[in-house]
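J.: Residue numbers (our numbering), protein chains in the order written: chain A, 1 to 323; chain B, 324 to 646; chain C, 647 to 966; chain D, 967 to 1286.
Watch out, some of these pointers could steer you wrong.
As the list claims (entries may be wrong) - A partial selection of chain D residues facing chain B, derived with a Cβ cut-off under 8 angstroms:
no., residue
1, 1056
2, 1058
3, 1071
4, 1076
5, 1089
6, 1091
7, 1098
8, 1118
9, 1125
10, 1212
11, 1282
12, 1284
13, 1285
Said to hold, decoys possible - The following label-pair restraints were derived from C-beta to C-beta distances:
no., chain 1, residue 1, chain 2, residue 2, range
14, D, 1266, A, 218, 36 to 46 angstroms
15, D, 1258, A, 218, 43 to 53 angstroms
16, A, 218, B, 343, 51 to 61 angstroms
17, D, 1240, A, 123, 43 to 53 angstroms
18, D, 1272, A, 15, 46 to 56 angstroms
19, D, 1194, C, 780, 29 to 39 angstroms
20, B, 567, A, 294, 14 to 24 angstroms
21, D, 1022, B, 343, 46 to 56 angstroms
Calculated from the structure, these hints are not laboratory results. The C-beta atom is built at its ideal place from N, Cα and C for all residues, glycine as well.
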Amino acid sequence: MAKMSYIEAIKETQRAEMQRDPNVFIAGEDVGVMGSAFGQTAGLLKEFGPQRVVDTPISESAIIGLGVGAAAMGLRPILVIDFIDFMAVCMDEVLNQASKLRYMLGGQVKIPLVIRTQIGAGIGAAAQHSQSLEAFFTHMPGMKTVAAATPADIKGLLTAAIRDDNPVMFIEHKTLARLEGDVPEGDYVIPIGKADIKRKGSDVTILSWSAMVHKCLAAAESLAQEGINAEVIDIRSLVPLDKECILNSLGKTGRLVIVHEAVETSGYGAEIAAMVADQGFDLLDAPIKRVAAPFTPVPFSPVLEKEWVVSEEKIIDAVKSLF
Amino acid sequence: MAKMSYIEAIKETQRAEMQRDPNVFIAGEDVGVMGSAFGQTAGLLKEFGPQRVVDTPISESAIIGLGVGAAAMGLRPILVIDFIDFMAVCMDEVLNQASKLRYMLGGQVKIPLVIRTQIGAGIGAAAQHSQSLEAFFTHMPGMKTVAAATPADIKGLLTAAIRDDNPVMFIEHKTLARLEGDVPEGDYVIPIGKADIKRKGSDVTILSWSAMVHKCLAAAESLAQEGINAEVIDIRSLVPLDKECILNSLGKTGRLVIVHEAVETSGYGAEIAAMVADQGFDLLDAPIKRVAAPFTPVPFSPVLEKEWVVSEEKIIDAVKSLF
Amino acid sequence: MNLDREKMLNLYENMVKIREFEEKARELMLGGKLAGFLHLYCGEEAIAVGVCANLNDKDCITSTHRGHGHIIAKGGNIDKMMAELHGKATGYCKGKSGSMHIADLNIGIVGANGIVGAGLPIAVGVAFAMRYKKMDNVVVAFFGDGASNRGTFHEALNMASVLNLPVVFVCENNHFGMSTPQSVHQKIKDISVRGTAYDIPGKTVDGNDVLAVYEAAAQAVSRAKNGQGPSLIECKTWRHYGHFIGDPEPYKDPEEQKKWLARDPIPRFAKQLIELNYATQAELDAIKDSVKEKIEAAVKYAQSSPDPLPEDVFSDVYAE
Amino acid sequence: MNLDREKMLNLYENMVKIREFEEKARELMLGGKLAGFLHLYCGEEAIAVGVCANLNDKDCITSTHRGHGHIIAKGGNIDKMMAELHGKATGYCKGKSGSMHIADLNIGIVGANGIVGAGLPIAVGVAFAMRYKKMDNVVVAFFGDGASNRGTFHEALNMASVLNLPVVFVCENNHFGMSTPQSVHQKIKDISVRGTAYDIPGKTVDGNDVLAVYEAAAQAVSRAKNGQGPSLIECKTWRHYGHFIGDPEPYKDPEEQKKWLARDPIPRFAKQLIELNYATQAELDAIKDSVKEKIEAAVKYAQSSPDPLPEDVFSDVYAE
Ligand SMILES: Cc1ncc(C[n+]2csc(CCOP(=O)(O)OP(=O)(O)O)c2C)c(N)n1
Ligand SMILES: Cc1ncc(C[n+]2csc(CCOP(=O)(O)OP(=O)(O)O)c2C)c(N)n1
Ligand SMILES: [Mg+2]
Ligand SMILES: [Mg+2]
């Protein structure tokens, strides 16, 4: 085990995969000389050269398009779009090209590309730089979507994403940048599609992903002091979803609280709740609660942003409402 | 009441609103001389001139951007994007501009624009011209989303959308083009946010929107012959959602089947199911079923497309599974 | 023009093959045998054929919604194409694509595309991979005058320019984006001037003259293969039919239509071939007859092929 | 240059106001008083000021992530701006916007924008509305060299061209998109050549010379107001600081930086004003002092203003 930060894990995992496989390359804005705004690619240009670490113009459609074409030819692009908000300017390349090409072509191609991007509020970046839009990508057949909450999960999931033969949205969270954690050494792959029970419990299942997992864990500790023993599941992979893990937990607890940072309406929590309301209906002892952001854009003011982002208290209240 | 087709209702409603309000104009590809691919704007160029019926280049970002700027200045644009699949090329203008501007600017502007677009499979148009992507727009605070299943609803909802002071996604369905129906004469507005019970029933609630409503009605007739009396709700407005109507119906029936054409995963059915699994949990006598497309792109071959699109039989089977 | 007889007749045969394929597709569509949208290439054959005659099997193309011509010119199999139009299991894409997404990765056809302008950035990516793998190849991105107004045109040309990639951007200016005349969708006359914005050489040629197209493409391809980067070629042409089958074409000036029909690239090239003694009328007729037979065979192949199985809907979404 | 003394000193005052505002914002940010991203306009003041001096209150602008300069030059209220940067209820957008989305619809500031290149199509829409309403006005869209590679640049310029709308596209070429030098993100040197692609006149000026900018903008504005359509002006400039506060600028050549600092538009204009007898050094110093006072007052206003109420999160999403 090595101790490293979330950002270091991103950087080191890319480095390791680029060393392992000459077909892996990185393209995006400011990934080279600058090493990305938060250092996620620092040093890679020097190590791998401008052919494999490509500083691009501000042309997101061309960046993803470049990835699609290169992937169709057998390369394994890592495409960097700094904030998930910007994915809106290259949605066609993701929705109608990367995700569909294999199917439309009757299986003739593989499109093994990774799009690395960040979600999340919390730093005063306001409405166009703070969204959590991961749900969009879960409505795109052909695409996989994963989110990492810890440095170890970064390593395991990013390695899996790069080695996957399909397009993968790799969702990072901007407030976790400096989070430190133990990271397994050597080859470490977390299979895409496996949830992680980050805290065992028996009274209620709290389910989340990305930065919110940490708030759920903190809430679970508080709840434990009040005698409620919560199980906290980090789904990690949104598509494909580890239904078995969720339903198993529910078999024990009978109660489900889903927590995410995105606005509630049509967030990915809706899909999970809907799946459970069908396949896990008989396991439920109480309504399914979602704790998520209100249906508004992300406001700038720290006072407003704090109100907007899901808090530990809101998670605790939702859990208690089930007892 | 006048009898007219779905397409005629679209055309006539636009005409009436343009006559009523000189600030209403239409912009999009081939809306002028051609009157749109299926005649949705036929004759309007002649009546209102090129200033108000604007044939644009194939530049969807600029089309929606034009609408946003014009709306901020007090005009009321109707922007035509032929198929919802193409919305992917102008998503930023919808997600980050049109929907957020009012909020980001602290309420300084209204953005009263309508985007008219079509969803749906059924004509062999394949993966990039057949999607039902309405769910995306329901995850965008600031945006309203409505879908019309009949010529009368076209008139009532499109009139409301044009008069609304907010951006509205107006969802048409390509297979309904020639559907005939009675349309109220004179001023006819359906308030956005009101569902419509298209068939009264007491045993199960079948909930849908757009073209699928007709399949649900047909399924309900078949079910009636087997002694199951289904209530069919056309939600019509996805955001805002008429929760009251849904929960009231469920209070009678205790059973819910949600039907939509989009792929099931993260379709808007998920949001409705999640809402009910929370707020209507105590009303439920059975699991919530979703009947929707499999998690694949839309295939071309008529044989495959038929398999892909939700059928009456699948709706019937889902309903029966609850008894 | 230093083309030998075989090559010249090959150009002719390919043009005729496209024409006959399209006429047959039209007939089938009007007869209710085909589903979906069908955008015919009739009138524009000289472009696909003139360009692709410069390419080998490892060179690639990206195509458009009006893609049949490109695919045939690049060596696509018409049996598989026709089967695909019929949605059959034996089609290029097992019936999943239909007309608008046909591809054959084995011979460098990266795919038609139903989203206008979407092929250009993908072509840049293919070229990037060629350079990455030190391949001595080139990619051609076909697109229309209408597509030249999409943001992707701009981003792709700029990206190809700064990365100095082997791409030839071929604009098929048939003077309309669907119903919208070029004069309404852009103020420039020659789309080739847009190369200026990226320091890419731009050239306008008569797109109904297969040899002129061939020449221009030859230069651009050799430029690309010599590491000199991308080029933009605009080919002026005309589509003989509507945008898609069913388009009543209220926007077309009959005089213009007549003028352009008189410049039909196929009889025009036939005349040249005969005048320059490459072939006799009888020889050309024989080519046409043999092409027609192949098309009939393709139709027979398609129509006697099995439909996909309903459960095939679920395959090919993800690679394992 | 037929500008009277008052106008000349006004240009100077506005440039100084921007500079002092930005320096103060920087200080506040480094002192931990401000949240979010802050992109400073220092070094580029001559552009916003030279351009906006041609505009009246009904003329409009769209701005960028680096927007403070545009807003001040267009007459924006610095108290409300400073309050907005502090996220206060008295800010331009009630604290909802922060630095990147400031707007003042009453004086034609349609808004800064956090999405690079997003302002251009919106500007086209504003111009469309002006023409629609028969207003005799113009819109200026500011954007960067980096933004000139986004698809929206292309679509917006083409749209403005075919609709012949009163838009002036002003490219602030500070030679970097974030860390990426112009030579890496495009092969052309003068972005103004991109006008060619739309039949729009393009002009490159020294963006650190406020009078040169003023002149070029005056021509473009009168062109637009005369119904002659859009123009593209490229202003070459340099940002004195990093892309945002916190950027270590590993990519900047210290020699280049030195060269450009020597061309700082403010002392340069001061020298001109003195040489041409528009003002004495003392008068210019007085202007600066009074500006500094206003900035201090703005900070005081901001810091003594109330925060929004938590429940304000829910308002302003939809208009009733
Ligand atoms: C992004 C997008 N916008 C609109 C359409 C609808 N559409 C299909 S083809 C076409 C016209 C294309 O014109 P052009 O690029 O000149 O090609 P041509 O059809 O003339 O060959 C349009 C508007 C689309 N498929 N994709
Ligand atoms: C669509 C989009 N892509 C990327 C970014 C991140 N970003 C913000 S500013 C910037 C650089 C912009 O460069 P330029 O247009 O030259 O403006 P400048 O910052 O130099 O004033 C980038 C890449 C963004 N905000 N939006
Ligand atoms: Mg065309
Ligand atoms: Mg710049």
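J.: Hints first: check each against the structure and report whether it holds.
T.: Here is how each hint holds up against the structure:
1. 1056: violated (11 angstroms)
2. 1058: holds (7 angstroms)
3. 1071: holds (5 angstroms)
4. 1076: holds (6 angstroms)
5. 1089: For residue 1089 (chain D), the interface hint holds, since the closest Cβ of chain B sits about 6 angstroms away, which is under 8 angstroms.
6. 1091: It holds, given that the least Cβ distance between residue 1091 (chain D) and chain B is near 2 angstroms, below 8 angstroms.
7. 1098: Hint holds; residue 1098 (chain D) Cβ to chain B Cβ min 6 angstroms, cut 8 angstroms.
8. 1118: holds (5 angstroms)
9. 1125: Hint holds; residue 1125 (chain D) Cβ to chain B Cβ min 4 angstroms, cut 8 angstroms.
10. 1212: Where the cut-off is 8 angstroms and the nearest Cβ of chain B is about 23 angstroms from residue 1212 (chain D), the hint is violated.
11. 1282: holds (4 angstroms)
12. 1284: holds (5 angstroms)
13. 1285: Holds, because the Cβ-Cβ distance from residue 1285 (chain D) to chain B comes to roughly 4 angstroms (cut-off 8 angstroms).
14. D:1266 x A:218: 36 to 46 angstroms: holds (38 angstroms)
15. D:1258 x A:218: 43 to 53 angstroms: holds (46 angstroms)
16. A:218 x B:343: 51 to 61 angstroms: With a Cβ separation near 56 angstroms, residue 218 (chain A) and residue 343 (chain B) satisfy 51 to 61 angstroms, so the hint holds.
17. D:1240 x A:123: 43 to 53 angstroms: holds (44 angstroms)
18. D:1272 x A:15: 46 to 56 angstroms: Given a distance of about 49 angstroms, which is inside 46 to 56 angstroms, the answer is holds.
19. D:1194 x C:780: 29 to 39 angstroms: Given a distance of about 51 angstroms, which is not inside 29 to 39 angstroms, the answer is violated.
20. B:567 x A:294: 14 to 24 angstroms: holds (20 angstroms)
21. D:1022 x B:343: 46 to 56 angstroms: violated (33 angstroms)
Hints 1, 10, 19, 21 from the earlier list are contradicted by this structure; the remaining hints agree with it.
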